[in-house]
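> Residue strings, one per chain:
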Amino acid sequence: MTENYTALYEEHKKLGASFTDFGGWQMPLKYSSELAEHHAVRNAAGIFDLSHMGEVWVTGPDAAAFLDYALVGRISAMAVGKAKYSLLCNEDGGIIDDLITYRRPAPADAGSEGTDRFLVVPNAGNATVVAAELAQRAAGFDVEVDDVSAGTSLIAVQGPKAQELLLRLVPAAQHSLITELKYYAAVEVPFLVGGAGQELLLARTGYTGEDGFEIFVDNDDAAALWQAIVAIADEGELTPAGLASRDSLRLEAGMPLYGNELSLEGDPFAAGLGPVVALSKEGDFVGKAALAAKKETGAGTSSGRKLVGLKGLGRRAGRGHYPVLKDGAVVGEVTSGQPSPTLGYPVAMAYVDVEHTELGTALDIDLRGKAEPFEVVALPFYKRQK
Amino acid sequence: MAKVAPELQYSDEHEWVAREGGNLVSVGISAVATDALGDIVYVELPEVGSAVTAGETCGEVESTKSVSDLYAPVTGEVTEVNPAVVDDPALVNNDPYGAGWLFKVAAESDGPLLSAEDYAAKNGGEL
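Order-wise, the sequence lines are chains E and S.
With our numbering applied, the first sequence has no gaps in its numbers, which climb one by one up to 386 at the end.
With our numbering applied, the second sequence has no gaps in its numbers, which climb one by one up to 127 at the end.
Among the hints, a few may not be true.
Stated by the list, open to error - Derived pair list, reagent style DSBU-like, types lysine-lysine, alpha-carbon separation capped at 30 angstroms:
id: 1; chain 1: E; residue 1: K295; chain 2: E; residue 2: K326
id: 2; chain 1: E; residue 1: K182; chain 2: E; residue 2: K82
id: 3; chain 1: E; residue 1: K182; chain 2: E; residue 2: K383
id: 4; chain 1: E; residue 1: K311; chain 2: E; residue 2: K82
id: 5; chain 1: E; residue 1: K84; chain 2: E; residue 2: K281
id: 6; chain 1: E; residue 1: K14; chain 2: S; residue 2: K104
id: 7; chain 1: E; residue 1: K311; chain 2: E; residue 2: K288
id: 8; chain 1: E; residue 1: K13; chain 2: S; residue 2: K104
id: 9; chain 1: E; residue 1: K182; chain 2: E; residue 2: K386
id: 10; chain 1: E; residue 1: K383; chain 2: E; residue 2: K84
id: 11; chain 1: S; residue 1: K3; chain 2: E; residue 2: K13
id: 12; chain 1: E; residue 1: K370; chain 2: S; residue 2: K104
id: 13; chain 1: S; residue 1: K122; chain 2: E; residue 2: K14
id: 14; chain 1: E; residue 1: K295; chain 2: E; residue 2: K82
id: 15; chain 1: E; residue 1: K295; chain 2: E; residue 2: K281
The hints are simulated quantities; they were obtained by calculation from the structure and are not laboratory data.
All chains, full assembly: derive it from the sequences and hints.
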């Protein structure tokens, strides 16, 4: 597999990161302790390099209608400035990727033709596939699909101190752009980096369960932005955080991970993502017939398996692919699991036969031959105090 | 780079062995291993009085990301376990060659053990 390095690779090396392969990218796993990084995001702020994520611009008069066809959500209903979580499914209703789409203002040179513009952000390992799939689905639409993943970096600042930190890099007159930015929305903000103002797309989105931001920046400017954010923070305010803490944070927040909870073989209803599938939207979309049929069979509600949260009653954690047991019989499989640093007990997400998914149901996870008690609980495991 | 304590011997599975006098040895895991595992959150140790066999599993070490078997580097009877690491597994990360020791064995025989130099050469540690 090709090894990709983000524009921030040297920054990570300077910070003493240990690296891991993720979707073909050499990414920082942790800098010091993944637990310390996890707690830093919950209690102050963490800075993450997410440059392995993809960025695909979709532009043109048909952009909204095209995305309504290509994705399972009602993208055309989204207001300019907002973001939406959606799925790219295949004809069989299998999930090719989960992704976030940002609706942006029309480009300045668009004229008055009603040109729409969206930024689609797929997962690292799927970015190429998603870009190709979108390009293919664009046939017959007046739309341009432009994969800019290779030239774009993404830096996330997540945690209760995230807003305060970023405000220090923005002229006071523009502070309201950030302070008034709603969750799942994005705006161009002039950042003071390297002595000059620079308009960057700032999104109030994230994957940690905390308030936080994601900033899109050209690879050439990524290191300067990263350094500026790190430099503006006082002692203890900001901690570089790697993928290990990102994973424990997202698990506590009950967010599905492609490859663990979501896959081509899985279906959105079993994953609890039924509300994301807009079966009632006008016109056809890829996967619609298959998804409608799955819903008809009660997938994830009265038939098959359903994604649930499991809380460990002991100290041992269930891990991916471990069997879930009810009275000794296999009734499910863990997709993600580890000790929750914030909550102090093990948590897991698992697909379990729907008849055993009521909250409070006592189940066991088979920990390498030993049955360890768990209980079905509501997702997310952790919800921040607002 | 992870430290390899020069005065100890090591198993291929990253346990270290310290000679405590007579046939008594204490056992822990190397900083190379604790670095790779990440933050350790749970350890399961053999029971005092139980027999352990060199090269066979005798417990588990669980980190935030994964679970690893703990292998006995020597054959013999467990005489003592470290209750401090059961209460506070982070000790294994913070002081793998000291307060993070795991258990002691009255050893009848050793498994294959490496010198610190050989272990470091093989596993990328720093003496």
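> The structure should be examined with respect to each hint, and the outcome stated for every one.
Going through the hints against the structure:
1. For the given pair, E/K295 sits about 26 angstroms from E/K326 by alpha-carbon distance, which is consistent with the 30 angstroms threshold.
2. Restraint check: the Cα-Cα separation between E/K182 and E/K82 comes to about 9 angstroms, which is no more than 30 angstroms; the hinted pair holds.
3. Between E/K182 and E/K383 the CA atoms are separated by roughly 18 angstroms; this keeps the pair inside 30 angstroms, and the hint holds.
4. Taking the CA atoms of E/K311 and E/K82, the gap is about 34 angstroms. The hint is violated against a cut of 30 angstroms.
5. Straight-line distance between C-alpha atoms of E/K84 and E/K281 comes to about 15 angstroms, which keeps the hinted pair within the 30 angstroms bound.
6. For the proposed pair E/K14 and S/K104, the alpha carbon gap of about 39 angstroms is over 30 angstroms, so the pair is violated.
7. In summary, the hint linking E/K311 to E/K288 is not supported, as the alpha carbons are separated by about 35 angstroms, beyond the 30 angstroms threshold.
8. This hinted pair does not check out: E/K13 and S/K104 have alpha carbons roughly 38 angstroms apart, beyond 30 angstroms.
9. Between E/K182 and E/K386, the direct Cα distance comes to roughly 13 angstroms. Compliance with the 30 angstroms bound is thereby established for this hinted pair.
10. Proximity of E/K383 to E/K84 is assessed by CA-CA distance (about 20 angstroms); at most 30 angstroms being required, the pair is judged to hold.
11. Restraint check for S/K3 and E/K13: satisfied, since their Cα atoms lie roughly 19 angstroms apart, inside the 30 angstroms limit.
12. For the hint linking E/K370 to S/K104, the alpha-carbon distance of about 26 angstroms falls within 30 angstroms, and the restraint holds.
13. Restraint check for S/K122 and E/K14: satisfied, since their Cα atoms lie roughly 25 angstroms apart, inside the 30 angstroms limit.
14. Distance check on the hinted pair: E/K295 and E/K82 sit about 28 angstroms apart at the alpha-carbon level, within 30 angstroms; holds.
15. This hinted pair checks out: E/K295 and E/K281 have alpha carbons roughly 15 angstroms apart, not beyond 30 angstroms.
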